[in-house]
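Given chain A, work out where chain B should sit, using these hints.
Those protein sequence lines, which keep their order, are chains A and B. The first sequence: position 1 = 1 (the working numbering), numbered continuously. Basically the working numbering = 1-based index in the second sequence + 1000.
None of these hints come from the bench; they were simulated from the model. In this text, a Cβ means the ideal position worked out from N, Cα and C, and glycines have one as well. One thing to keep in mind: the hints can contain errors.
What the hints assert, rightly or not - If you only want the chain A side, here are some residues facing chain B, beta carbon under 8 Å, derived:
1) F45
2) V50
3) S52
4) F100
5) T102
Claimed, not checked - Using 25 Å as the maximum straight-line C-alpha spacing, the simulated BS3-like pairs for lysine-lysine come out as follows:
6) A:K70 / A:K36
7) B:K1057 / A:K97
8) B:K1071 / B:K1057
9) A:K56 / A:K70
10) A:K97 / B:K1071
11) A:K57 / A:K70
12) A:K97 / A:K70
13) A:K36 / B:K1009
14) B:K1071 / B:K1014
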Amino acid sequence: GQQVMQIPQYQHVQEGEDFTTYCNSSTTLSNIQWYKQRPGGHPVFLIQLVKSGEVKKQKRLTFQFGEAKKNSSLHITATQTTDVGTYFCAVSSGTYKYIFGTGTRLKVLA
Amino acid sequence: NAGVTQTPKFQVLKTGQSMTLQCAQDMNHNSMYWYRQDPGMGLRLIYYSASEGTTDKGEVPNGYNVSRLNKREFSLRLESAAPSQTSVYFCASSGAGINQPQHFGDGTRLSIL
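Looking at chain A on its own, in the form it has when it is part of the complex (with noise of 0.2 Å):
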């Protein structure tokens, strides 16, 4: 079946510092989306990437999609104490089937 590898699994950061997530399918991708879960949240959806090579930007967060349609990149410059939580993605193959990622728990340290 369809698996998903996300790394880091933890990243601690100063604040300032840049961060970076990866997703990793073992099969080719109709499209992923990336979530945004606080410490005892809920996922929050960030963006959905589609087209082989997209990059999508908001603000502070850049979102690659690869050209293979197979991983995913979140980069986020110059981090805020704001940006703490865990970070999903979440992929299909064409279905509504999504499996997520085991998720990169990020802590900025002021």
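Below, chain B alone, put in the same frame as chain A:
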């Protein structure tokens, strides 16, 4: 503007008891989902309903049943709870089509002793 509402928020059960988790959305979404999240883990899909009247198994359906009561409501039932089902359960909904963002409820924290 409630979005996705889950009840209850917390529950403690004894092994072997049954329970139904309720989920309702007010966004007129077609698709609804049930996930479980274990400590330090991602979300695993239990069941989903692509549209009213249909339900399908996800990654971890064993020990659970679901009912899509109408377009708004999607319930999850544990017939005979086991300690391995201790988890946080999230319900989500999304609009028509497969490439739609999912909107999550606040979750139900379920402990089975």
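Original post:
Between A:K56 and A:K70, is the straight-line Cα distance small enough, at 25 Å or below?
Top reply: holds (17 Å)
**OP:** Could you grab the alpha-carbon distance between B:K1057 and A:K97 and see if it respects the 25 Å cut-off?
**Re:** holds (9 Å)
Original post:
Keeping to a limit of 25 Å between CA atoms, is the pair of A:K97 and B:K1071 held or broken?
Top reply: It holds: about 19 Å lies between the C-alpha atoms, which stays within 25 Å.
Original post:
Would the pair B:K1071 and B:K1014 pass a check requiring their Cα atoms to be no farther apart than 25 Å?
Top reply: violated (32 Å)
Original post:
Holds or violated: are the alpha carbons of A:K36 and B:K1009 at most 25 Å from each other?
Top reply: Given pair A:K36, B:K1009 holds - Cα atoms ~21 Å apart, limit 25 Å.
Original post:
Hey, B:K1071 versus B:K1057, does the alpha-carbon distance stay inside 25 Å?
Top reply: Given pair B:K1071, B:K1057 holds - Cα atoms ~18 Å apart, limit 25 Å.
Original post:
Under the criterion that the straight-line Cα-Cα distance not exceed 25 Å, is the pair A:K97, A:K70 satisfied?
Top reply: holds (17 Å)
**OP:** Would you settle whether the hint for A:T102 is holds or violated, based on the nearest Cβ-Cβ distance to chain B being less than 8 Å?
**Re:** Holds: closest Cβ of chain B sits about 4 Å from A:T102, inside 8 Å.
**OP:** Decide if the proposed pair is consistent with the structure: A:K57 and A:K70, CA atoms, cutoff 25 Å inclusive.
**Re:** holds (20 Å)
Subject >> Restraint satisfaction for A:F45 [CB to CB of chain B, less than 8 Å] >> reply: holds (4 Å)
Original post:
For the hint on A:S52, does the least C-beta distance to chain B fall short of 8 Å?
Top reply: Status violated, d = 15 Å.
**OP:** Hold the hint about A:F100 up to the distance rule: shortest CB distance to chain B must be less than 8 Å.
**Re:** holds (4 Å)
Violated hints, in rising order: 3 and 14; the structure is consistent with all others.
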